[in-house]
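Construct the complete structure from the given sequences, taking the supplied hints into account.
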Amino acid sequence: MSQQEQLTVERAAEALRPLRRDGERAARGSLRAQIARLERELSAIVADGFPRLSPRAGIGPADSLAGPAAASGEPFGGPRLLGLEQLELMRDRLAGRVQDLRHREQQCVERQQRAHELLERMKLEPARYKFVRLPVAELGQGGCGVWEVRPRLGLIGMLAGWWQLKLSSGCPLERGPRSRRGPSPRS
Amino acid sequence: MPGWCAREVEEELPGLRLLSLEVEVARRGSLTGASPGDIQGRLRELSSRYRGATAVGVRREPVPAAYRVFFRHIGLDPDVMRTPIEAAVLERLLRGGFLSGGLLEDVLLIALVDTGVPVWALAADSLEGPLGVRASGEDERLGRSARAPALPAGRLVIADASTPLAILFGGLAPGHEPAASTRRLALFAVQVAGVPDVYVEEALWTGRLALEQP
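Sequence lines, in order, name chains A and B. Per our numbering, numbering through the first sequence is continuous, rising by one, with the last residue being 187. Per our numbering, numbering through the second sequence is continuous, rising by one, with the last residue being 401.
Just so you know, these hints were derived from the structure itself, not from any lab. Hints are supplied without guarantee of correctness; some may be wrong.
FRET-style restraints, in silico, Cβ to Cβ [to be verified]: (1) Ser54(A) <-> Glu278(B): 15 to 21 Å; (2) Arg370(B) <-> Asp22(A): 22 to 28 Å; (3) Arg133(A) <-> Gly289(B): 47 to 53 Å; (4) Val109(A) <-> Ala221(B): 45 to 51 Å; (5) Glu248(B) <-> Gln113(A): 27 to 33 Å; (6) Gly358(B) <-> Gln106(A): 37 to 43 Å; (7) Glu325(B) <-> Leu139(A): 56 to 62 Å.
Partial list, computed: chain A residues near chain B (C-beta under 10 Å) [what the hints assert, rightly or not]: (8) Gly29; (9) Arg32; (10) Phe50; (11) Leu155.
Backbone N, C-alpha and C define an ideal beta-carbon position, used for all residues, glycine too.
Right, here's the structure in full:
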């Protein structure tokens with residue numbers, strides 16, 4: 001390449017530098033917009049899915065930025081202006097979490113749907129589901145109750161084939177079960 | 188008073204703004220001592236505002252959501268290193284209320300919970316010029332004291348005319364935090380894109396009014 005041509009190439013590169021800088025800045029702006037959208041989506045999934053989904057669900061070793069820095073919440077070593085590559089990594093990581101949470105949410109919904117169907121069947125034909133237990137938590141309801149198919153009148157019901165669906169009374173007492181001991185003997 | 192923002196920071200993070208104001212503490216007693224009855228009453232009142240489901244829903248409210256997005260933009264994970272408002276609400280749930288931690292801490296907490304905007308305080312007499320946001324340079328330290336820790340280059344900091352005095356959304360420089368007997372404070376708040384001006388001003392004024400009352 002002649003000296004004249006070399007000079008022309010350098011001038012062209014010089015002239016293009018601000019354009020490339022502007023282009024990179026625009027790309028970073030676009031990535032930030034994508035991150036903002038994904039963050040809002042993530043927040044909506046977590047808020048709508050609570051308490052089925054833990055707010056920290058999806059943060060773990062599968063994370064592409066896993067490591068001690070990520071565990072401290074500072075995957076890039078504290079607050080800083082992120083470069084194109086770091087923003088891309090952040091965007092991809094967030095997109096992964098959104099996808100993962102959507103998948104978990106979908107699984108939860110399906111599990112609850114199956115539990116509701118099972119409960120309906122247990123109501124209709126209790127004799128076919130002898131001693132089957134279904135915690136209300138699996139139906140997406142709060143509390144500690146459990147639906148269970150039990151024989152009516154104990155052994156008699158078992159022998160006669162009288163089965164019924166019952167809901168247990170709920171959460172255990174904070175102080176533990178009530179004492180079964182009788183009153184203390186008088187001295 | 189609006190603070191300054193380094194050009195490269197302003198260009199990369201549009202909407203980022205630092206606001207500060209100086210406060211003469213008129214309350215009697217120490218800044219780290221027990222809060223007066225009106226402040227404690229306000230904390231109790233705010234405690235009843237948050238319950239379990241509300242705490243998770245906070246992240247969808249416009250102002251806390253804006254801080255979450257900003258955290259992502261500066262490379263912080265708000266699900267691990269919580270935004271100030273989410274950290275405060277989580278503490279309230281774990282401890283059963285917004286417990287008093289001393290006059291200044293309580294006033295800053297009230298401003299935060301009321302508006303969603305975090306407010307910090309520095310000892311005004313230790314500042315040299317107005318506060319602003321910039322990235323730290325090579326071989327800089329956090330603060331001017333002998334025990335100032337070294338800062339890695341490129342970290343976003345709150346600085347005065349010469350020295351970084353706080354990490355953005357992080358700790359204050361040793362030697363520049365208000366002491367129990369400090370009477371002049373520089374309160375500052377960080378506004379990010381999506382947070383209306385009125386919230387930031389309200390947060391600073393809440394702090395000012397609470398401290399300037401005799």
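A quick look at each hint next to the structure:
Checked against the given bound of 15 to 21 Å, the beta carbons of Ser54(A) and Glu278(B), roughly 18 Å apart, stay inside it. At about 49 Å, the beta-carbon gap between Arg370(B) and Asp22(A) misses the expected band of 22 to 28 Å. Checked against the hint of 47 to 53 Å, the pair Arg133(A) and Gly289(B) passes, with Cβ atoms roughly 52 Å apart. For Val109(A) paired with Ala221(B), a C-beta distance near 50 Å keeps the hint of 45 to 51 Å intact.
Hint check: Glu248(B) to Gln113(A), Cβ distance near 31 Å, so the stated range 27 to 33 Å holds. A hinted range of 37 to 43 Å holds for the C-beta pair Gly358(B) and Gln106(A), which are about 41 Å apart. For Glu325(B) paired with Leu139(A), a C-beta distance near 60 Å keeps the hint of 56 to 62 Å intact. Against a cut-off of 10 Å between C-beta atoms, the interface hint on Gly29(A) holds, since the closest Cβ of chain B lies about 8 Å away.
For Arg32(A), the interface hint holds, the least distance from its beta-carbon to any beta-carbon of chain B being 5 Å, beneath 10 Å. At about 4 Å, the closest approach between the beta carbon of Phe50(A) and any beta carbon in chain B falls short of 10 Å, and the interface hint on this residue holds. A cut of 10 Å between beta carbons decides the hint on Leu155(A): the least distance to chain B is about 44 Å, and the hint is violated.
The structure does not agree with the numbered hints 2, 11 stated previously, though it agrees with the rest.
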